[in-house]
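Between the sequences and the hints, there should be enough to build the whole structure, so can you do that?
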Amino acid sequence: MFKILHAEFLAPGIKRFVIEAPRIARKQKPGQFVIVRIYEEGERIPLTIENSDPQQGTISIVVQSIGKTTHLLNALGTGDHIMDVVGPLGKPSEIEKFGTVVVMGGGVGTAMAYPTAAALKQAGNRIISIVGARNQELVILEREMRAVSDVLMITTDDGSYADKGFVTDKLRQLIQNGVPIDLVLAIGPIPMMKAVADMTRGEHIRTLVSLNPIMIDGTGMCGGCRVLVDGKSQFACVDGPDFDAHQVDFAVLVQRNAMYREAEKRSMDEYRQGLEAKPLETREPEAAQASADAATRPCAQEAKL
Amino acid sequence: MTTEKTKSKNPVPNRERIKMPRQHMPEQPPLIRAQHFTEVNLGYSAELARQEAIRCLECAKPTCVTDCPVGVKVKDFVQLIVEGKYMEAAAKIREDNVLPAITGRVCPQEDHCEAGCLLKKKGESLGIGYLERFVADYEQQHFDVKSIVKAPPTGKKVAIVGSGPSGLTAAGDLVQKGHSVHVFEALHEVGGVLVYGIPEFRLPKKIIRQQVDYMRSMGVEFETDVVVGRTITIDELFEEEGYDAVFIGTGAGLPQFMGIPGEHLNGVYSANEFLTRINLMHAYEFPSYDEPMVDFRGKDVAVIGGGNTALDAIRSALRLGARKAYILYRRSEAEMPARIEEVKHAKEEGIEFQVLAAPIEFLSDGKGWLAGARCLKMQLGEPDASGRRRPVPIEGSEYDVPLSVAVMAIGTSANPIVQSTTPGLNTNKRGYIEADATTQKTSRKGVFAGGDIVTGAATVILAMGAGRRAAKAIDEYLTTGQW
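Protein sequences appear in the order of chains A and B.
One point on numbering: in our numbering, the residue at position 62 of the first sequence is 62, and numbering is uninterrupted.
One point on numbering: in our numbering, the residue at position 122 of the second sequence is 122, and numbering is uninterrupted.
Because the hints were derived from the structure by calculation, they are not lab data.
Possibly wrong hints are sitting among the right ones.
30 Å max Cα-Cα, derived DSS-like pairs, lysine-lysine [to be verified]:
1. B/Lys367 x A/Lys194
2. B/Lys472 x B/Lys150
3. B/Lys19 x B/Lys7
4. A/Lys91 x B/Lys429
5. A/Lys3 x B/Lys206
6. A/Lys265 x B/Lys324
7. B/Lys121 x B/Lys347
8. B/Lys299 x A/Lys265
9. A/Lys91 x B/Lys445
10. B/Lys377 x A/Lys232
11. A/Lys121 x A/Lys164
Only part of the chain B face toward chain A is listed, based on derived beta-carbon distances under 7 Å [said to hold, decoys possible]:
12. His188
13. Glu241
14. Asn266
15. Thr276
Among the chain B residues that face chain A by a calculated CB cut under 7 Å, a handful are [stated by the list, open to error]:
16. His264
17. Asn272
18. Glu291
19. Asn415
Source: prediction; values computed, not measured.
Note that beta-carbon positions come from the ideal geometry of N, C-alpha and C, so glycine has one too.
In structure tokens, the structure reads:
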């Protein structure tokens, strides 16, 4: 059992957990993930480690409510326990001095991009970060990303905050303006990562993406997380999760991630019906509070200028 | 040989025993058991067990003992059954085998203890596996924790990496010697391949838990959710956690794929994933359990391969409602590595065996899902390195099998996590850990290894044999300090 020392919503449906896991905290490197199982009948899901504190023996993860497991996880709070947390898994991200690195985080992908951005900054790179979200409420880790970036750009799909548009619009501008880019790291929804890959391919800009396929054990044993990279099967859990974006077959990734869509929908529907029968009182007010916080964040004003 | 020369308590003369038929294992009827995951074999009653035990000819040189990878004193425990001393029989087995309820169910007895049985020459060998299972289950019902005897504490700490058959065996033997034993498991449940690989209908989870609980009561500590090599390294186990010796039993590892077109289609699985979803994650109990599985009802399923894993997978698919369930195997039935009993059970349940056939391509339905397999017919050629006749493709023999799900059970390769994070640990060219065949010592002082991570994919009992040899050598190393 792994104790949750602190839990807070960063945005509606996006929650950060600080978990007591001393062994993982000591070993974690940027880009690595944990596999989490919440309760006896639960599934195992991979979640990127956002940060770790070896002294305190803690790791933090950021979770977006999407299916049943993530909804259940986000219903947990400070003082609760998670049954299983195993890691750190996967190859750490490549950290060296590349020059200028564009770090792109789409939605909750920002939380996964953050530790790598911080390490790349530490390694002496110039960091241009582009953070995108659907709307103002869903912009997360702005302060943290600003602290590790030489330039931080923010986009929202609906223009409710910072610049209206997609992260790829900003990347296109950088390329068009002739900004020399040595590496692009893009983490977010698959369509976003694919769009970034398509944009940088012709420009011959090395681009890495962090893939999040369906996974079970996370140690290479099951092969369920295989992705098609350069025409060959690779296991995201041991060969990745970072891959050369120009070699990734995104269509296969989309297709394989949809494999259990019906079952996932059924789980979610049954979970919702259960909630209606017995509402979880703590969920809604906390989420509402998070959205209020997002609107009044100090950085919000500054970034609009 | 510890077999003592005592007067036989067997009431039946030898010449009569030869005429007695082997007692059949009671089992669920095929068409009923194919509908669910409860255990196929029901086990001997005490009466059946005694009837069977009486058949033993009490050979002066029992090959059943010498052919057993862990050296179970078969002749002795069988005689104790004849005398009705079932707890004593269990204790006799436990002198050499800490997992009798498991080996009694999954061990390929025909390759070991029953292979050289004198009765086999006259008809059918003694049902040693069935007798072992009976004794182990009887012990479970009558077990008293106070009966556990172990040596006084030595103050030495041993870390066991992996809780599969080799690790559990080493742990059981070492704790009896008075060492402090801590087992690390990467998954959330203890048992390794016994839990994620072998289905409920062949080895119920309850049995594994009972055996593990027995080891806990002996003093073995278990810690799940630790991936040694990632969460902690072998070096850190020595330097920071103060272990005096480490046994690596991390098992076979990465599933192999065939490298043919269409392997990424939805509906194509490795046997490891397929079985892990069902066994470890209980996907067959969806939605009571959250892990999903493709809906098999009314669909055609094939498993590629001819080993126990292949049979476990296809029989699971059948139980999940598959309409047609095939084994596609590139050699003939004679070369199949699976246990004879599993092949028999599978056929009774309606599994169709398409032998001398190998897929060359998986066909898509155009929407990303599997629609079928294109296969080639094979014929047997000259024997290959394994001593089995090599399958040779017959040109122009392509045919298509319509399928919704295909499972590849064609073997595994070494998982590199421990090796790549342990400096000085030698591996062979296939990536498996090099270990001495007698002591299981590796190239690193204090580090021993055994089971599939040394030999490549093999059987439960062979892994247990390695665990047993390692425990003996670890005990010697800890006692003498000599490497």
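* Status of the hint placing B/Glu291 at chain A (closest C-beta pair under 7 Å) -> It holds, given that the least Cβ distance between B/Glu291 and chain A is near 4 Å, below 7 Å.
* **Hint consistency between B/Lys19 and B/Lys7 [alpha-carbon to alpha-carbon, up to 30 Å]** => Since the Cα atoms of B/Lys19 and B/Lys7 sit roughly 22 Å apart, the hinted pair holds (cutoff 30 Å).
* To do: Quickly compare the C-alpha distance for A/Lys121 and A/Lys164 to 30 Å and report which way the hint goes.
  => holds, 27 Å
* Interface hint for B/Thr276, Cβ within 7 Å of any Cβ on chain A -> holds, 5 Å
* Given the hinted pair A/Lys265 and B/Lys324, is their alpha-carbon gap at most 30 Å? -> With a Cα-Cα distance of about 28 Å, the restraint between A/Lys265 and B/Lys324 holds, given a limit of 30 Å.
* Given the hint that B/Lys472 pairs with B/Lys150, does the C-alpha gap stay at or below 30 Å? -> Holds - the C-alpha atoms of B/Lys150 and B/Lys472 are around 15 Å apart, at most 30 Å.
* Asked: Once the shortest beta carbon distance from B/Asn415 to chain A is found, is it less than 7 Å?
  -> This hint holds: B/Asn415 lies near chain A, its Cβ roughly 5 Å from the closest one there, short of 7 Å.
* Given the hint that B/Lys377 pairs with A/Lys232, test it: the Cα-Cα distance must not exceed 30 Å. => holds, 26 Å
* Measure nothing beyond the straight line between the CA atoms of B/Lys299 and A/Lys265; if it is 30 Å or shorter, mark the hint as holding. => The given pair, whose Cα atoms are some 21 Å apart, holds under the 30 Å limit.
* To do: Please verify that hint: B/His188, Cβ, nearest Cβ of chain A, below 7 Å or not.
  => With a closest approach of 4 Å, the B/His188 hint holds.
* Per-residue hint verdict: B/Asn266, partner chain A, C-beta under 7 Å -> Holds, about 5 Å.
* Hint check: 7 Å Cβ-Cβ cutoff, B/Glu241 to chain A -> violated, 10 Å
Checked against the numbered hints given earlier, the structure breaks only hint 13 and satisfies all the rest.
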